[in-house]
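With the sequences and hints as input, model every part of the structure.
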Amino acid sequence: MALKRTTQPTMSLAGQIRTQLQALNLPPPSTPWLQTLVSARSPPPPLPSLVMTAKTRLLASDLTTPGLLDPAATATLCFPPLTTAAATTTTTTTTTTTNNSTSSNSGDNPPPREARLPRDVYVQVLDVEDISRSRWEQVEELESVERGERTRGREVIRLPVNGSGGGDGNGGDEQDDGSWGAPPPPPQPQQQQGVAAGGSSRNATHRLVLQDCKGQKVFAVELVRVPRIGVGTLNIGEKILLKRGTVVARGTVLLEPGSCHILGGKVEAWQKAWLEGRLARLRDTVGPGQAEAAA
Numbered sequence: 005m006a007l008k009r010t011t012q013p014t015m016s017l018a019g020q021i022r023t024q025l026q027a028l029n030l031p032p033p034s035t036p037w038l039q040t041l042v043s044a045r046s047p048p049p050p051l052p053s054l055v056m057t058a059k060t061r062l063l064a065s066d067l068t069t070p071g072l073l074d075p076a077a078t079a080t081l082c083f084p085p086l087t088t089a090a091a092t093t094t095t096t097t098t099t100t101t102t103n104n105s106t107s108s109n110s111g112d113n114p115p116p117r118e119a120r121l122p123r124d125v126y127v128q129v130l131d132v133e134d135i136s137r138s139r140w141e142q143v144e145e146l147e148s149v150e151r152g153e154r155t156r157g158r159e160v161i162r163l164p165v166n167g168s169g170g171g172d173g174n175g176g177d178e179q180d181d182g183s184w185g186a187p188p189p190p191p192q193p194q195q196q197q198g199v200a201a202g203g204s205s206r207n208a209t210h211r212l213v214l215q216d217c218k219g220q221k222v223f224a225v226e227l228v229r230v231p232r233i234g235v236g237t238l239n240i241g242e243k244i245l246l247k248r249g250t251v252v253a254r255g256t257v258l259l260e261p262g263s264c265h266i267l268g269g270k271v272e273a274w275q276k277a278w279l280e281g282r283l284a285r286l287r288d289t290v291g292p293g294q295a296e297a298a299a
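Counted the way the working numbering counts, the sequence shown spans residues 5 to 299.
A hint or two may mislead.
[Claimed, not checked] Subject to a maximum C-alpha distance of 30 Å in a straight line, what follows is the list of computed BS3-like cross-link-like pairs (lysine-lysine): (1) 247 to 276; (2) 218 to 270; (3) 59 to 276; (4) 221 to 276; (5) 59 to 270.
These aren't lab readings, by the way, just hints derived from the structure by calculation.
Encoded structure:
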């Protein structure tokens, strides 16, 4: 009887947490995951504290982690087969066209040019790119930040290594008369790469790589500018709710402010690796020929 008295409140508390998480438009976690959260402290914290802890951990987790989400709801949280079939067919068509052959792998029933999601789908961000700017321009910007430079209009400003102003011991006079003023110290290298291309303009267009809880990946492109989406503002591993009725054209999700809800979050390991490898990836895609031509 003592076992039942301790288990029943835990089960009830886990159900309350799930209900409140769903009210926040978050994917429903599994019961074992919630029970582990609740039983971590005895007695458990108040319900609002548990809900916020569950939200933070859920948004910082990989959606494909086994046992994270409610298995009964997993099938209804991911992309339908039509969406992923369209994405696969698009990739196959591109490959066969490159080989100067017809897209015979597309099947007898190719997917429609445009479809709409029949249900809400939860995804996480694997990549984000500003396709309105050339990659070489982004390489140059990242390299300038790496050298400790910033641009102000057409003027290149060399940032000091430390925030102490001039190195001759008279830097304080320049700051006192207000004629120069020491700029803030430069950010850390990983932050630099995120900030360098992060000031997305209102006219920018971004392409994302999204992944659902089953590991299925699709491309997504802004059809209409979504203010929250941008390089340096959208985190890798951040969760997005694609609402029912979102348009999918040839395997690519078309994003609009009314069709997607940015939930937040970040997978720290993914974000760190993405920032550290971004400059190298851009250099690889640009290639030495384009770099020499730009120089």
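> Among all the numbered hints in the text so far, which are the ones the structure does not match?
Replying inline: none
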